[in-house]
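Protein chains in written order, with the working numbering: chain A, 1 to 632; chain B, 1 to 481.
Think of the hints as simulated: they come from the structure by calculation, not from any bench.
Careful: at least some of the hints might be erroneous.
The following label-pair restraints were derived from C-beta to C-beta distances [said to hold, decoys possible]: (1) B/S191 <-> A/E73: 28 to 36 Å; (2) B/E262 <-> A/E73: 23 to 31 Å; (3) B/E130 <-> A/G606: 51 to 59 Å; (4) B/L10 <-> A/A207: 24 to 32 Å; (5) A/A359 <-> B/I410: 40 to 48 Å; (6) B/A463 <-> A/G495: 37 to 45 Å; (7) B/P364 <-> A/A4: 31 to 39 Å; (8) A/R115 <-> B/G354: 40 to 48 Å.
Here are some chain A residues the structure puts well away from chain B; computed CB gaps all over 10 Å [said to hold, decoys possible]: (9) R115; (10) S441; (11) L622.
For glycine and all other residues, C-beta sits at the position ideal for the given N, C-alpha and C.
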Amino acid sequence: MEPALAWIVLGLPLLGAATLAAWPSEPPRSMTRVLGVGPMVVSFLLTAWLYVQMLGENSDDRLVVSRVWEWIEIGDLSIDVALQVDPLSVMMMLVVTGVGSLIFIYSTEYMEHDRDYRRFFAEMGFFVFSMLLLVLAANFLFLIVGWALVGLASYLLIGFYYEKPPAVAAAKKAFIINVIGDLAMVIAAFILVVELGTLNYLLVFEAAPDGLGRGAVEAVTILLFVGAAAKSAQVPLHTWLPDAMEGPTPVSALIHAATMVTAGVYLIVRTHELYELAPYASDLVAITGAVTLFLAATIATVQVDVKRVLAWSTISQIGYMIMAAGLGAYGAAMYHLMTHAFFKALLFLSIGMVIHGLAGAQSLDRMGGLGRHLKFAYVATAIGVLAISGVPGTAGFFSKDEILASAWDAGDLGRVLWLVGALAAGITAFYMFRLLFRTFSGPEPEGGYGVHPQPSRWPMAAPVAVLAVLSLWGGWIQVPRGWTWIIDWLEPVIGRESIPGQQAELVTLATSIAVVAIGAAAAWWIFAVDPARPKRLAGRLVATRRLLEDQFRFDHVYDRAVVGPTRDLAEYLYRRMESGFVDGLVRGAISLARGSAMGLRAAQNGLVRTYVFVMISGVVGLGALLAWVVTR
Amino acid sequence: MNLAATTPILIVGAGATISLSMGLLPWRFAQRHGPTIVALVGLLAAAVMSLVFWGDRIEAFDGSLHIDRFSMLLNLIFITAAIAVILLSIREPGAVDRRGEYASLILFSTAGMMLVGAAGDLIVLFVGIELLSVALYVLAALEVWRERSLESGLKYLIVGAVGSSILLYGFALLYGATGTTRLGEIAEALSGSTLTGEPLVFGAVVLIVAGLGFKASAAPFHMWTPDVYEGAPTPITAFMSTATKAAALAAFLRVFTGGLVEIEADWDLIIGVVAAAAIIVGNIAALVQDNMKRLLAYSSVAQAGYLLIGVAAGSIQGAEATLYYLLAYLVMTLAAFAIVIIREREVIDGDTVGALAGYARRRPVHGAVLTLAMLSLAGFPPLSGFLGKFLLFGSAVEADMIWLAVIGAIGSIISLGYYLRVLGVAWFGDRPQSAAEQGLESPRLAGLVTVASGLAIVALAVAASPVLDACRSAAESLLGA
Numbered sequence: 001m002e003p004a005l006a007w008i009v010l011g012l013p014l015l016g017a018a019t020l021a022a023w024p025s026e027p028p029r030s031m032t033r034v035l036g037v038g039p040m041v042v043s044f045l046l047t048a049w050l051y052v053q054m055l056g057e058n059s060d061d062r063l064v065v066s067r068v069w070e071w072i073e074i075g076d077l078s079i080d081v082a083l084q085v086d087p088l089s090v091m092m093m094l095v096v097t098g099v100g101s102l103i104f105i106y107s108t109e110y111m112e113h114d115r116d117y118r119r120f121f122a123e124m125g126f127f128v129f130s131m132l133l134l135v136l137a138a139n140f141l142f143l144i145v146g147w148a149l150v151g152l153a154s155y156l157l158i159g160f161y162y163e164k165p166p167a168v169a170a171a172k173k174a175f176i177i178n179v180i181g182d183l184a185m186v187i188a189a190f191i192l193v194v195e196l197g198t199l200n201y202l203l204v205f206e207a208a209p210d211g212l213g214r215g216a217v218e219a220v221t222i223l224l225f226v227g228a229a230a231k232s233a234q235v236p237l238h239t240w241l242p243d244a245m246e247g248p249t250p251v252s253a254l255i256h257a258a259t260m261v262t263a264g265v266y267l268i269v270r271t272h273e274l275y276e277l278a279p280y281a282s283d284l285v286a287i288t289g290a291v292t293l294f295l296a297a298t299i300a301t302v303q304v305d306v307k308r309v310l311a312w313s314t315i316s317q318i319g320y321m322i323m324a325a326g327l328g329a330y331g332a333a334m335y336h337l338m339t340h341a342f343f344k345a346l347l348f349l350s351i352g353m354v355i356h357g358l359a360g361a362q363s364l365d366r367m368g369g370l371g372r373h374l375k376f377a378y379v380a381t382a383i384g385v386l387a388i389s390g391v392p393g394t395a396g397f398f399s400k401d402e403i404l405a406s407a408w409d410a411g412d413l414g415r416v417l418w419l420v421g422a423l424a425a426g427i428t429a430f431y432m433f434r435l436l437f438r439t440f441s442g443p444e445p446e447g448g449y450g451v452h453p454q455p456s457r458w459p460m461a462a463p464v465a466v467l468a469v470l471s472l473w474g475g476w477i478q479v480p481r482g483w484t485w486i487i488d489w490l491e492p493v494i495g496r497e498s499i500p501g502q503q504a505e506l507v508t509l510a511t512s513i514a515v516v517a518i519g520a521a522a523a524w525w526i527f528a529v530d531p532a533r534p535k536r537l538a539g540r541l542v543a544t545r546r547l548l549e550d551q552f553r554f555d556h557v558y559d560r561a562v563v564g565p566t567r568d569l570a571e572y573l574y575r576r577m578e579s580g581f582v583d584g585l586v587r588g589a590i591s592l593a594r595g596s597a598m599g600l601r602a603a604q605n606g607l608v609r610t611y612v613f614v615m616i617s618g619v620v621g622l623g624a625l626l627a628w629v630v631t632r
Numbered sequence: 001m002n003l004a005a006t007t008p009i010l011i012v013g014a015g016a017t018i019s020l021s022m023g024l025l026p027w028r029f030a031q032r033h034g035p036t037i038v039a040l041v042g043l044l045a046a047a048v049m050s051l052v053f054w055g056d057r058i059e060a061f062d063g064s065l066h067i068d069r070f071s072m073l074l075n076l077i078f079i080t081a082a083i084a085v086i087l088l089s090i091r092e093p094g095a096v097d098r099r100g101e102y103a104s105l106i107l108f109s110t111a112g113m114m115l116v117g118a119a120g121d122l123i124v125l126f127v128g129i130e131l132l133s134v135a136l137y138v139l140a141a142l143e144v145w146r147e148r149s150l151e152s153g154l155k156y157l158i159v160g161a162v163g164s165s166i167l168l169y170g171f172a173l174l175y176g177a178t179g180t181t182r183l184g185e186i187a188e189a190l191s192g193s194t195l196t197g198e199p200l201v202f203g204a205v206v207l208i209v210a211g212l213g214f215k216a217s218a219a220p221f222h223m224w225t226p227d228v229y230e231g232a233p234t235p236i237t238a239f240m241s242t243a244t245k246a247a248a249l250a251a252f253l254r255v256f257t258g259g260l261v262e263i264e265a266d267w268d269l270i271i272g273v274v275a276a277a278a279i280i281v282g283n284i285a286a287l288v289q290d291n292m293k294r295l296l297a298y299s300s301v302a303q304a305g306y307l308l309i310g311v312a313a314g315s316i317q318g319a320e321a322t323l324y325y326l327l328a329y330l331v332m333t334l335a336a337f338a339i340v341i342i343r344e345r346e347v348i349d350g351d352t353v354g355a356l357a358g359y360a361r362r363r364p365v366h367g368a369v370l371t372l373a374m375l376s377l378a379g380f381p382p383l384s385g386f387l388g389k390f391l392l393f394g395s396a397v398e399a400d401m402i403w404l405a406v407i408g409a410i411g412s413i414i415s416l417g418y419y420l421r422v423l424g425v426a427w428f429g430d431r432p433q434s435a436a437e438q439g440l441e442s443p444r445l446a447g448l449v450t451v452a453s454g455l456a457i458v459a460l461a462v463a464a465s466p467v468l469d470a471c472r473s474a475a476e477s478l479l480g481a
């Protein structure tokens, strides 16, 4: 195995981005395409080669640390510039460069009409470099560096359309919430330095069982999880992700669906040795994931903007992965991370074809009946919807069921979380089919589309087709009672993971098929059968008494028991929790800071006597403080 | 005596005198360019001599001057700041008619700072501080036709006099308690004693922290900073915020980490509180500033707080972190001020945040340097500002002052609010229609300083290992006496 390949894979996207950025003027579009897409594809091929080489090694020899030089040496603490090449990082590299290449190819066409063509590819290349640094780092310091750099890249790309104030506001919000996470991770790193004297992954994991006390290990893992939650948009640090949809659609597909937002899952799996020592932190992780996946799923049912539906569904799906990681099912979490990258990228790109075809329209109210005009996008989206809903045979089916089955086997807490996850799977099917029906079937919106829907050309269609195949069949690499390639592959990193028992799998299989069928059928009945029904239903929810006499007794009960409360809950959560509580906290903190700043400004009155008075008061205050300390 | 060891200071002093007299020469070229050239040559020679003495440990004048790695490293910081400021001051309106005075005052101030860095005696320390301050009082008021500049100089003088008296009072009490002004002898006299037994030392510590805190513009002794920074000619502001701060921190390290180390348990909390206050006040007040110079003034208050964390830690590790952060702070602040200076000459009211609107898009190189400077000041990894903060917070954690590290971290989050705002305006802002072009092109050398500072921000992070080695040996020489 040639670990130096990892350095080339890491360096190529940066080289491409730097060349584009340093180009004195806007280069010709063909040149931008070559410099943007070329390094990505080569990186992917090299990663694939690295993967093949690694397959040829014994599983004990698959973990290599490639060290270039010692960056800092302070006392006993030494930090190297080094990459860790192992099955986990190679799996992440494959996802990042593979899905990345497809999205880059797609973007050559999608961004064709944008005047900042070069800037787009330069920033995307910079993102890929940062993400690869994050997954390849061999110690916590470079992990934090990559962590922060992807935050910066995300900031730049959310604010890509800088003329739009909402885009700039969203970029800022995302960056600041992410920095909260960065700082938590820095503090975790301090604790590791103080307690263990090293930041090197392998040394930390080796020393942790004896070197870290119970309190310290819980503190470190909880702080790391704050970082993970900020990056992966978990409650209560999730509010930035829906706003991040202000960025161009390929950005949403790559950064805010397939790769960066799953970094939190990667982090927990990477540091699983610590989480295994910290039962409370692990439970917190699992519960947070479950709460997130449920809340986000309910909220997704009432969104009108297509990309926001997908954003909430991303939050919900990452909730599944986080829950699995918290319950110790690291293989299942990584498996879902991979399949989610396929089908969520597929959904964003196929919905992107619709948005592109309608010259930028994103509201479901401006869509409907598009299946007649955009057949390819229709089929692709339908495949994505099947996969994310977990229809048997598709990628999402295998990975989501494995998470749920693992939860079933994970004790009492696991059973409760299993129930939450299974319920949310039904809601997921409901909102995804709602998206499908409202976009592609039914009548055209009142007043037409604005522009005639334009089908896309091959640079957009080809990556979508590849992702569609992966979403349909990519789940077959790990089949219950059949073969466990993912778990085998990750064994050198996460150890031998137990597979769920037969009972867990059968119960999960039956339940998930049932809830998905119910969710999909409900969506079909409400949104596809009769185009006027959604409006009527909305009216009837208020006039529930009349509905009691309705002949669709079962539907009616279902409506009251599931749709109505879910919908109301979603509305309530969206209005109260989202805008009232969570946003309110953020806004309150900001206005507190600004208020105190105004107060300080008032004291700054420009008079020397005030300044001297404050100085002398400071001296007296310090003296009093010291006297108090000394005489205490 | 050991006069040879003091050559860096002597060269700078001589350079100051010669460049002042250059203006008296009859030739036009000598009048126009003489002072600048002499000053630059003098500073470079002093830098070379400082490098020559690197590694030596010489006590000059019976221990009142320490020529060691600590003072030599600080010499390089002061000299770099002075050279950058002189280059940035070419064609500065305040300097045009009085080039000789301008250059020589900067050199006198630098010589004062070098005395502070090398001081092994309270008297030398105080003389150094006065020498650097008096020169700066004049420099701040140098644009005599501008009311704000005069106001700035006058305010600095009055408040500075109060600060100096407090400091001197503290020194006097320390002398009274120990019977000596030599830092080394003070350390010996204090060994074994505690503050409860020595009320004089108790008072001395508080007064010295306040007096030096004033020079470092740490809260609550910072209130002069925004007014003086805003009113002074911008290159002088850059000099004050980099070199003066470094001198004040050098004094802190010499007195506390070097001299009063025996009673560390009794002053670390005081300095920690001042650091925390500076971080909180500076970062919060900066949020609402619309003038770049005021914004950077409050930012420098907050940065003084970060720097003081390393002093409060009271360890070699803390001193090392402070020294590294001083280097990082020097280059990122110079980069930020260089952009402001260039912009100020291009448009009227160029020192407002609004004047930078869209500037980064039109001048991408300046935009990139500004971005590096702001992100590094905010402590964004992997830039040198991040590394410095990482080391500072780490030294606080090591010294069992986790609360201080947490306040520092919270301060960093708040600081993003204003650093990012500057970047947002510079990259995403619309160019204001009203901006009146002044059309003063900046000389190439100003651009050179800008780019060099930007590169140094990155270089200090990439080549962290040798730089940290130098900082460590400098920190160790503090205690090795």
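Cross-check of the supplied hints:
1. B/S191 <-> A/E73: 28 to 36 Å: holds (32 Å)
2. B/E262 <-> A/E73: 23 to 31 Å: Holds - the Cβ-Cβ distance for B/E262 and A/E73, about 29 Å, lies within 23 to 31 Å.
3. B/E130 <-> A/G606: 51 to 59 Å: violated (26 Å)
4. B/L10 <-> A/A207: 24 to 32 Å: violated (53 Å)
5. A/A359 <-> B/I410: 40 to 48 Å: For B/I410 against A/A359, whose Cβ atoms are near 45 Å apart, the range 40 to 48 Å holds.
6. B/A463 <-> A/G495: 37 to 45 Å: For B/A463 and A/G495 the Cβ distance comes to about 39 Å; the hint holds.
7. B/P364 <-> A/A4: 31 to 39 Å: holds (33 Å)
8. A/R115 <-> B/G354: 40 to 48 Å: Given a distance of about 25 Å, which is not inside 40 to 48 Å, the answer is violated.
9. R115: Correct as stated: the minimum Cβ-Cβ distance to chain B is 12 Å, above 10 Å.
10. S441: holds (40 Å)
11. L622: violated (5 Å)
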